[in-house]
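If you want the building blocks of each chain, they are given just below.
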Amino acid sequence: MPKTIDINVHHITRVEGHGNIVVRAKDGRVERVEWQVPEAPRFFEAMVRGRKWEDIQSVVSRICGICSVAHSLAAIKAIEDAMDITVSEQTDRLRRLALYGEYIESHVLHVGYLVAPDLLGLKSVVPLVASNPDLVKLVVRLHRLGNTIMEVVAGRRTHPVAFRPGGFGRIPTERELSGLRNALEDAVPDLQTLADTVYSLKDKLPAFERDTEYVCLVDRGTYTFYHGNIGSSDTTNTVAVQKFKSVANEYISPQSTAKWTKWHRDSYMVGALARFNLNAEHLYPRAAELARHFGLHKNNCNPYMNTVVQLIETVHSVEHSLELIDELLAAGLTREMPRVTPRAGWGAGAVEAPRGILFHSYAFDDNGICTGANLTIPTNQNHANIQKDMEKLVPQMIDRDQEEIRQALEMLVRAYDPCISCSVHYLTIEFA
Amino acid sequence: MCDTIVIGLGNPLMGDDGIGIRLVNDLAVEFAGDSVEFADAGTSGMCVLHLIAGRKKAFLIDCALMNADPGTIRRFTPDDITARNILAHLSNHEGSLLEILELSRRLGELPEEVVIFGIEPVRVSPGEYLSPILMEQMEYYRQLIGKELSECGG
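Chains A and B are the protein sequences, given in the same order. Reading the first sequence from the start, the letters are residues 1 to 432 in the working numbering. Reading the second sequence from the start, the letters are residues 433 to 586 in the working numbering.
These are computed hints drawn from the structure, not numbers from a lab. Quick reminder that beta carbons are idealized off the backbone N, C-alpha and C, glycines included. One should not assume that every hint holds.
Partner residues are not named here, just some residues of chain A that face chain B (Cβ under 8 Å, in silico) [stated by the list, open to error]:
(1) Lys26
(2) Val30
(3) Arg62
(4) His159
(5) Leu205
If you want the footprint, here are the derived chain A segments under chain B, 3+ residues with CB under 8 Å [said to hold, decoys possible]:
(6) 43-51
(7) 65-78
(8) 243-249
(9) 331-345
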């Protein structure tokens, strides 16, 4: 067995954005283990300064092409907090429905396109089309469903345009919602097939455990993605969203350019596994049944299971979306014109983005002009935990082949579904 | 569904990376009709897979590093590009558009014709404005792409 390990993964594939993995070991002794990432897109905080309150959500929706709805809603909640704006039940339901669309789209993309290749011994999803075309087509269909929900409810497939502080600029028609309802029902068999496939491959997920603090929104009686306070697996007390800085406690790590976060321990994990560990008893029936099928219980501390929980949350998203649509149709849709009087204030909003709890806060002057902003994104909150996981995993695997260690580390990072500075799209072209 | 779709990609908050979005918004004003649809796909490369499915022709407009002079616009098709790590991995950043088009092709959904307009940036960094070089050429880009749109019924 090689005792000298030299791993240098530059720009790990199948994650959003760029990150590097560096491992050095000599004579069986680990000298260096680093998860390296560039700083998160803090320039967005500068970019919203001087903007009007009503323009903030369209700016921040461009932070990410995958979690656009989450950023928009977190911003809007912060603005509503700052200006004491309340919303109707209809608005609340529609927002959660849009967020579910993003969950279906994001989680299916992660499970189907980014993680499945690892489980099937492939470099990407593209060769999977040849070997397993039906599976790929199913993943594309489910992914498309998420996009369609966002288009109908949020006004565009990416970067929502329909959201406003106080309500919606445009609401879907009852016919459109009925169409979504049918599409969601039709997706259930596809979801079952995807779940069966992942289940058949579950032994490919490493059995690694590390006792970890988990942080997410908690709202009594619900598996919440939108309402609630900040909860932790380390305490039964919850913290108001406005106090999120006392939870994140950002600090500079000498090992990375990105800031790390910590609360009760050196690091904490956010995302699907965190939500499961704090709220699993509130999953909807099919999702709960799937969790039982996978043998998942609360207090699971295997980060590789984050992917499996994303699958479970996708099922929950479909179930709850059907219920939300039924509630909206039963109440009848009403055209509501948000009437907002901007005023000076500071507010914070939190939403569970697919990758974890997301915080936005803004300050406004008397004219509703933004004077400052602070954004803490989920992936930034996971960097320290990824580092700590690697520090435990590498010594455990030190006697294995270098390629096996590299693969396990890459899969570890992918399990977190990190979204790192994905705010540009330029191509790099070489002509034939 | 329109036979032809024109998709703008990029982030208008990141300087010249927003050129695709700006162009598609301008072109939509002049050319949107029964046979041509316009879409802002932002930075979601995966969205392109769904937007092009079932179309006869797709135009993609994006900021592109082509080793050309800043402001240069080039028209090309996926076949014109060397297979740089094509099919090796799927990453939603840099060059992923080619993998998405390949995925579309293997799924049997790729339009008969895919045309990419790439524009070489001066800078891709925070800022809601284009570089002067690109700004000055906006009319030229519009005319160049618009001419092709007119020819396909737009």
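- Item | Hint numbers not upheld by this structure, sorted from lowest to highest | Violated hints (numbers, rising): 1, 2, 5, 8, 9; every other hint is consistent with the structure.
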